Amino acid sequence: MKTRSKIALILFTSYVMVLLLFGGAIYYFQNKFSYTDFYKRLQTRAGIAAKYNLETDRFNAETLMKLRQQHLEKLPEEKEYLFEINSIADLKTIASRYHLPQTLLNDIYKNKTALLKQGDTFYSGILYARQNKNYIVIVSANNYYVSHHLSFLKNVILIGIILIAFISISFSLYFSKFVFAPIQQVTNKVKRISTENMHLRLEEPNAKNEISELILTFNNLLNRIETAFETQKNFISNASHEFGTPLTAIIGETEVTLTKQRTPEEYREVLQNILKQAERLDQITKSLLFLAQTGYGGKRISFERLRMDEILWGVKEVMDKLNPQNKIYIDLSLLPEDPKKLKINGNKELLHLAIANVFNNACKYSYNKPVSASIASGNEKIIIIIKDEGVGIPENEIDFIYDPFFRASNTQRFEGYGIGLPLTRNIIRLHNGSLQVTSTIHKGTNVKIELPMS
Amino acid sequence: MKKNLLIPFDFKIESLNTLKIAVQQNPTTEIHVILLYAKLLNNSITDLLFYSPREIIKSMLNKDFEDALSIIKNRYENNLKKVEIKLIHSKNLSTINRFLKSNHVEEIFIPRSYKLEMSNNGLDLIPLLKSSGVTIREVDWKQTLYNNQSNRLESIFNTHH
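So the sequences go chain by chain: A and B. Using my numbering, you'd call the opening residue of the first sequence number 1 and step up by one each time. Using my numbering, you'd call the opening residue of the second sequence number 1 and step up by one each time.
It is worth saying that the hints were derived from the structure and are not from the lab. Among the clues, some could well be false.
Cut-off 35 Å, straight-line C-alpha distance, at most; resulting in silico cross-link-like pairs (DSBU-like, lysine-lysine) [said to hold, decoys possible]: (1) K12(B) to K316(A); (2) K91(B) to K381(A); (3) K3(B) to K142(B); (4) K340(A) to K81(B); (5) K343(A) to K3(B).
Fair warning: this is a prediction, and the values are worked out from it, not measured in the lab.
Given only the sequences and the hints, what does the whole structure look like? Please build it.
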């Protein structure tokens, strides 16, 4: 069942139940009270009747009689009975002759007082002993209240409950609809959003409640999805462009060369150009494949315990061979005293690649100016900071540097495909670490890598 | 041989360089360092009733600062035995002297050219510390010049090329 209907039903049932309880309690207690009250009045009258009928003191008796007539009103159908009882057999005779209930008489005889209700008539009797004789005094009356007022109350309560039941049904239905209306709206709006119009957003309300939070979260989600979508679209168009360029070069050059006979030297030159472009294609393909594998958790990668400083030294060695003009300086000034704090769980080749990328970028974009690579251990993590004095990254482009094939606007003079940094970040993420790049344009760039300690 | 040092700081990473240099200047002694932050408390009774220095310190720490502190601790593990962060709430010289005495502070390290960046309720205690009886050592270092890097982890890695 829909939540809305559930809520309406719950509200309605609880209203009705409370009402029933309340009404029932009122009726019940009023009923009980009226019985008790009435019986008490009857008993008083019975007591007084006994006294003035059976006491020999005439003067007191008359006073009592006067009091009774003045202060005790006559109850409806009030009847007084006085019997002299000589034996139990008398009870039966009295009962039949005066149409009094036998049980009442027996009860009075046994317990000295008794109360009884028969239909609308209430009886109160006492056993009075005087001068060795037993007398039974009974006062009976009709409880007008019970017969009329209470049943009136019962009717009023029942009608009231039914009326309120109707009111509460409509209220519960309206209330549940009202509460869920915003959710219904959100659902309807969201149905309209699809891949064609990803830019649609929900209207953000001014209020600060759960629904507005839901709407804001939804909009954020849509933002992220749209960004991811756009990134994918860009990636595909960028990739095809990157592949296209060397292919165009190869095709163009070979077509031109084949138009007429050339010298062996010319053919050799063309072949070398083709080789260069093919190698470039190969490089891009390999990087892309790597990016895909590291980014999407492809094959299994083996991890082992490594020392991070050794990796840095290893990469520096390779850099010295490939780029002898590099001025990479490995800063150990804040190295932990305990070498065990430099160990991480990782894959040697991938980490090499990641660090090499960062080193390469640092040297390339600073024309081989000095680069410092500091390594230190913090709280359960190893921190590596690579600082360069290069051209920096413009502030408005720094969020895009992780997009594959993105190249900042100030990198036109530098070679590169824009795959290194995304790849590095994926590798670091694979190792449960984080990578953060900060930069000031024309001053330099800092790359901070954090890896969890093993 | 144990030594107790006091270093006033401002919860910024740049100020931790004082700590770094203080340890560097005491390579063989076992040192305990108190990092002191001075903050004026407001007079409201609820604040005083529920005064919790731990909460105040926790609210002023950030992840990078804690990383920087643990880097320094790991680097100088052998002789930097203890680093405590303590708060003081008075500009009164005798209170400060009492604090120094009860913590057995033997030397105070103060940054010379770095100005402590205290937040609005903070007090700069350096002039007062200078007039206490304890030995003052002034230290200096080349500060990082990037404009938004006053509280970055890079601040403790002063690499001079």
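Provide an ascending list of the numbers of those earlier hints which the structure does not satisfy.
2
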